[in-house]
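Number of protein chains: 2
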Amino acid sequence: MSNLLEKYAELAVKIGANVQKDQIVFINSTVDCAELTRLIVKKAYNAGAKSVIVNWADDAVTKMGYQYRSLETLSEVPDFLVERVKYITEVDSCVISIVSGSPDLLKDIDPMKLQKANQAMSAKVDFYRTFMMKNSAQWTIVAYPSKEWANKVFPNDKKSEEKLLKAILDGSRVKETNDPIKAWKEHIAALAKNNKTLNDYNFRKLNFKNSLGTELEVGLVEGHIWAGGGEKSIKGHDFAPNIPTEEAFTMPSKFMTQGKVVSTKPLSYNGNLIVDFFLEFKDGKVVNFGAKEGLETLKNLLEFDEGAKYIGEVALISHNSPISQSNVLFYNTLFDENASCHLALGAAYPMNIKNGTMMSQDELIKKGYNASKTHVDFMFGSACMEIMGTTSDGEKVQIFKNGNFIL
Amino acid sequence: MSNLLEKYAELAVKIGANVQKDQIVFINSTVDCAELTRLIVKKAYNAGAKSVIVNWADDAVTKMGYQYRSLETLSEVPDFLVERVKYITEVDSCVISIVSGSPDLLKDIDPMKLQKANQAMSAKVDFYRTFMMKNSAQWTIVAYPSKEWANKVFPNDKKSEEKLLKAILDGSRVKETNDPIKAWKEHIAALAKNNKTLNDYNFRKLNFKNSLGTELEVGLVEGHIWAGGGEKSIKGHDFAPNIPTEEAFTMPSKFMTQGKVVSTKPLSYNGNLIVDFFLEFKDGKVVNFGAKEGLETLKNLLEFDEGAKYIGEVALISHNSPISQSNVLFYNTLFDENASCHLALGAAYPMNIKNGTMMSQDELIKKGYNASKTHVDFMFGSACMEIMGTTSDGEKVQIFKNGNFIL
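Protein chains in written order, with the numbering used here: chain A, 3 to 409; chain Y, 3 to 409.
Chain A on its own, in the form it takes in the complex (with noise of 0.2 angstroms):
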């Protein structure tokens, strides 16, 4: 196995960051993924970072500090944090993030504590979610399986974790058999195949429906740009934001959302499950929603700032993805958006738009741009689901049939 993690953390160092010689990189990382955090480091030095600063955090320490610390004190951001991150937004960097936490990890704790915090956080370091949404440094998510989030996907499992690593491993394209950097790049071209497929159709509006109840419009900015697998910072390097990747996302019209959306997977928010819900739009904006499960973490992650209730990206992926036909249920965001197609609550992509990181945020807004300081992905893809696209002129053309891309 100790081979297959150095095969991802080259991954995750050459493709998915893409770091250059002399950049400073930073890792965020939890202590439970030590190995793995440990390899990525190694191969940044190889591959010429300047230095290598690891933001270590740890879920039980986290976990404790929602339960004991007061609203009040939660909603204290210490200025070094901010100046950390504003660091990052000074040099030449790069960013790997490596996640691993339960799904669930915060499911006890008080929702308006943890809406208070992220709030009061989002508010001093709104800029820094900015800097990295218009790709002004290049950044990419990996994963690894803490033991609780193994136990959430495996339950019962003596081999838990090492399943949950294998799935990993499969999911993001890294095997005993093959070059992993290869692969990667062959997938990143096929995607943008699709990509520019879309691109040339510039459809006006997409229309999903399945047998689940979902039967929702969604109506595109003009100049919308489809992206997804490799993408380019604004300094002209390459990367790829997530490992795995499978889709092709553009920017919705913020008003230009009708009907109604009802998820396939649960979603992690804030450390909370969100099972089996629904959202219902009228001019882009949810106006009724319900779950089954995490009905108040829904209602605040709706309720976390004005843009919140309006969504920012639509991606379409095909059901037979490899990550889908998996059959595993991650119960994370990263994997499991990638087995599905997803709309994003919250802020949008400025590069989903012609010109959209040159642009300021009032260029955007008036382009149909979500300015919303939150960006949450929740999946609705199943393999009923079926995608029209309208053009420019009216022409009507199936995008998906029986779950799967067929342009």
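It is possible that some hints are incorrect.
Copies of one chain are not kept apart here, so a pair can be met inside one copy or by any two copies together.
[As the list claims (entries may be wrong)] The calculated EDC-like cross-link candidates involving lysine to aspartate or glutamate, where the alpha carbons are at most 20 angstroms apart (straight line), are: (1) K65 - D24; (2) K294 - E305; (3) K115 - D24; (4) K44 - D110; (5) K369 - D285; (6) K149 - E164; (7) K44 - D112; (8) K118 - E219; (9) K207 - E282; (10) K109 - D60.
Keep in mind the hints are simulated off the structure, nothing from the lab. It should be emphasised that the depicted structure is a prediction, and the values quoted were computed from it without experimental measurement.
For this one, chain A is given, so just place chain Y on it according to the hints.
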């Protein structure tokens, strides 16, 4: 063992840092010490901490930093690191450090890199060292075995980690059969009585002699205070800076040390071991030195700054102290210094002179205070140590006989 570890965590919080309601607790730890760290976090919240902030590091990542980074980049200290330390000095804080590192972690690293990096960091955060040495906040150091450290102490022993943990707990008076909090209160009272005896004699100088080559005279500053065990922060909170602690220590007069001292235990400095070394002093300054191992490291220590060639602390520990009697060589100063008389090269503690914590640095220096930016203890006690004190009216009093306190 987990019950003992919980007692140890409680000791660190209640006696070590003596965490007060609404204080912010800072913990310096490494990923190897997650288990103890989590227990300390919990106990700190139980004691009423407003928040607990863990500053995690990892020895392997630290070592790679020294291996791969250039001398130049190692000398750059990002502002956010300084801001973090500044924050500690600005709020009502206390600091708990957990040591666990391999005593010779950095033995393959270019000593010049270690020296430059240390000097750069010291220049930026010297305000923090001064803050702590003045007891402006409560602080304490405890320990936990990393695999590497355990293998150094108990080589070729499959149970090395377990054995080292047991030695740490034994040395810290944490046992199945006792209440460590109560044991420590008694122990601190006994050390205070010892300090009072030494203070009442008000020695002008101490003469050390043993059959291993040590023949040293150490002049003490006028108005010196013997301390050790429990201390009081500027804000008036009792605390115990070291767990374990067995020492009585005071302030030597910077230019009044003469003769030769021969080490009796290895010293781990900058992740390197210095073994079987000696120092010769003239008018306080080291004028000659040698070492069987680690001569370059010793040289760097002495050249850290002007004050590093002078001592700043002299400490008396009976050879029959429990840690000494355990016959475990810890290769770690927190333990080894409590098994043996020791000196520190570098800065003195302002509290070791009457009203010292209220004096300016210039006032302190006039009294014979060493204002170095480093402070490194080394051990020279032995079973054959004899110590004579000379009072201000010339009376000679034997303080140690055959390695033990006899006053």
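Hints, verified against the model:
1. K65 - D24: between (36 angstroms within a copy, 19 angstroms between copies)
2. K294 - E305: Intra 19 angstroms, inter 68 angstroms, cutoff 20 angstroms: intra-copy only.
3. K115 - D24: between (40 angstroms within a copy, 18 angstroms between copies)
4. K44 - D110: between (37 angstroms within a copy, 16 angstroms between copies)
5. K369 - D285: Intra 15 angstroms, inter 78 angstroms, cutoff 20 angstroms: intra-copy only.
6. K149 - E164: within (10 angstroms within a copy, 23 angstroms between copies)
7. K44 - D112: between (40 angstroms within a copy, 18 angstroms between copies)
8. K118 - E219: Answer is neither: 33 angstroms inside a copy and 62 angstroms across each miss the 20 angstroms cutoff.
9. K207 - E282: within (17 angstroms within a copy, 85 angstroms between copies)
10. K109 - D60: within (16 angstroms within a copy, 29 angstroms between copies)
When held up to the earlier numbered hints, the structure conflicts with hint 8 and nothing else.
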